[in-house]
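Undergrad: Following the hints, complete the assembly by docking chain L onto the known chain D.
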Amino acid sequence: MQKILIVEDDNILSKAINTALTQAGYKTLVAVDGKDALIKVKEFRPHLILLDLILPKKSGEDVLAEIKSNSDTKKIPVLVATVKSELASISRCVGLGARGYFIKSHYTLDEIVAEVKKALKR
Amino acid sequence: MKSAPIPENEKERLVSLHNLGLLDTKPEERFDRITRIATKIFNIPISTLTLIDAKREWYKSCQGLVNHHADRAISFCGHALLSKPILVVPDARNDDRFRDNPMVVNEPYIRFYAGVPVTSADGQRVGVFCVKDTKPRNFSKNDEEILKGLAAWAEVEINSGNLILAINEGEKLRTEIEKSKATNEAMFTSIADGIVCVDRNLKTTFINKAAEIAIGWDNKEVIGKKWPEVIMLATEDGKSVPPKERPLYLAIHGEKIIRNVYLYTRKDKSKFPAAITVSAVRVDDKIIGGILAFRDITKERDIDKMKTEFVSVASHQLRTPLTGIKWFSELLMKSRLNVKNKDYVKQIAVSNERMVRLVDDLLNVSHIETGRKFSVALKNIDVIPLIKEAVKEQAQIASAKHITLDFSAKARQKIILPMDELKMKQVFQNLINNSIKYSEANTRVEIGCDRKTAETVFYVKDSGIGIPKRQQKQIFSKFFRAENVFTMHTDGTGLGLFIVKAIVEAHGGRIWFESVENKGTTFFFSLPIKLIK
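Protein chains in written order, with the numbering used here: chain D, 770 to 891; chain L, 3 to 535.
It is worth saying that the hints were derived from the structure and are not from the lab. Treat the hints loosely; a few may be bogus.
[What the hints assert, rightly or not] In silico lysine to any residue, SDA-like type, Cα no more than 25 angstroms apart, as pairs:
1) K246(L) / Y264(L)
2) K348(L) / K804(D)
3) K784(D) / L424(L)
4) K471(L) / Y266(L)
5) K890(D) / L424(L)
6) K246(L) / T267(L)
7) K804(D) / L865(D)
8) K381(L) / N839(D)
Since the model is a prediction, treat every value here as computed from it, not as a measurement.
Isolated chain D (complex conformation) (with noise of 0.2 angstroms):
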């Protein structure tokens, strides 16, 4: 069974993805805050990390940066899911090295599926 740690601030948006994520066959972990993600990417190992960018305590910038700076986690595909939608974010993430962006109020449930068993086939 294949994890993914979901990073999000907001317990109802946690709620509503992992049971999407639970109901598609996956096993999930959430993190809370920046700080927690760190933790737990290297505790939990998933193979796909489900990333917000507003994060109390650390960044999800900042986060991704340290993943993908790490070479325990560098290869662990992250996928930004934020409400941010400014170019420069958009283009900062894909420079440290993000697989994907989605604004979250553009994106249904089944949609965000897709593009997690997409990113994760490669």
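TA: For chain L alone, kept in the frame of chain D given last:
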């Protein structure tokens, strides 16, 4: 007796005569002096300065006659009027034209006549200067010369009245000009925008109060100085503007009205953004100077920034709960619901989508966002077939305009890069389509790529109309369209290049161009070559 013929241009002649304003006025010493001198020089009883109107001859000055006018039909002067340079009648009794003239057979019994026409400033013969005697006379060449001289003097006096009129008109005009100048200055002074006037050499001739306050320089320090020496001008990103690209210079050299934003440097070296409008001052189609109006837009910029920030924060805050409603409606739809309940949930979802779009629109207006549903999903893809497809799709439009699309890839060459396939295709389509749109028939559009160590550079090159230099900075702005595209009658939203730039930058790439007006444009963009593992 023969009456004098009427001159051909009688109508114009009469207008000139009346314009002199001398007819039926009182005698004046400046004319009487001349006729008096004539009688003394020639020792002759009669001398007149005669003006000839439609019906009569009338004497502006007269020596030796009781009546001050006579019927034109019997006028000696009427004949003289048509005789340039002089009419001399030594004895009227021996002249068929005058022998039975009432003035010859009755009082005042004229026998001798000599007259020289006098001309108004606009060249019309308006009258005659003459001498008459009751005895026949011989008139020598010398006498003729003297009479001509006196006539010339009379002519000067006749026209000097006009000169005075002209001086009066000039005085009136000067007052009018002074008045309008004062009005203009009062207007310029009371205007809240800075106004600066320069002459053809860019020397400052006027600066209003608002401009003085904005730049910190005093009127007296600035007038007579060249404006470029007063104000340092820089573009908004801080690059100083070369003298020949400064707006006033361009206006004086014939560019139409120019509007732009520049950074101005005050006397105390502080800087501020100024929105300026510049236009040339033309007199008879000749440029004699320029006018610059400017406004300090620091406050507007601050407010704009605050507004953008507010909208941005508020919208992002709104997106989170909207996403919650969206996702739970979706989950609810999949749960066991009866038809009615499903419909209710659907209504919630539809309303929610409307709200999502409203937030998008709010962010869109603030100009910093990508717009609706912008995202990237990267995959390692061979870009060659993608370009080929884009070229194929534009081929029909190109051939309709007789434009050759030229993309040559080496056989079996592969360029694999991480990219969002659909989005990157959109980039090629947009750039190729633009090149076709802004090219003339029978030209070539070349598409190519160049592999470098850290990135791959793609280019689309045309020999089209180019982008005007002044507008090159704005080319990637939302809704921007260059001035010269309107003459091509092509449609366009001004969104294409904005989107292209957004996509390229979302891939971590850069986009730039080289363009010369009427020569062509090449767009370049780079993509990082680091693959996804």
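Undergrad: The structure should be examined with respect to each hint, and the outcome stated for every one.
TA: Taking the hints in turn, this is what the structure says about them:
With a CA separation close to 15 angstroms, the supplied pair K246(L) and Y264(L) stays within the 25 angstroms bound. Note on K348(L) and K804(D): the hinted pairing is violated, with a Cα-Cα distance of about 38 angstroms set against a maximum of 25 angstroms. Between the alpha carbons of K784(D) and L424(L) the distance comes to roughly 32 angstroms, so the proposed pair goes past 25 angstroms and is violated. A threshold of 25 angstroms between alpha carbons decides the hint, and for K471(L) with Y266(L) the separation of about 21 angstroms falls inside it, so the pair holds.
Only pairs whose Cα atoms come within 25 angstroms are accepted, and K890(D) paired with L424(L) is accepted, the gap being roughly 19 angstroms. Simply put, K246(L) and T267(L) have alpha-carbon atoms about 18 angstroms apart, close enough for the 25 angstroms limit, and the pair holds. Restraint check for K804(D) and L865(D): satisfied, since their Cα atoms lie roughly 18 angstroms apart, inside the 25 angstroms limit. Annotation: proposed proximity of K381(L) to N839(D) holds, straight-line Cα distance about 22 angstroms (limit 25 angstroms).
Of the numbered hints listed earlier, those contradicted by the structure are 2, 3.
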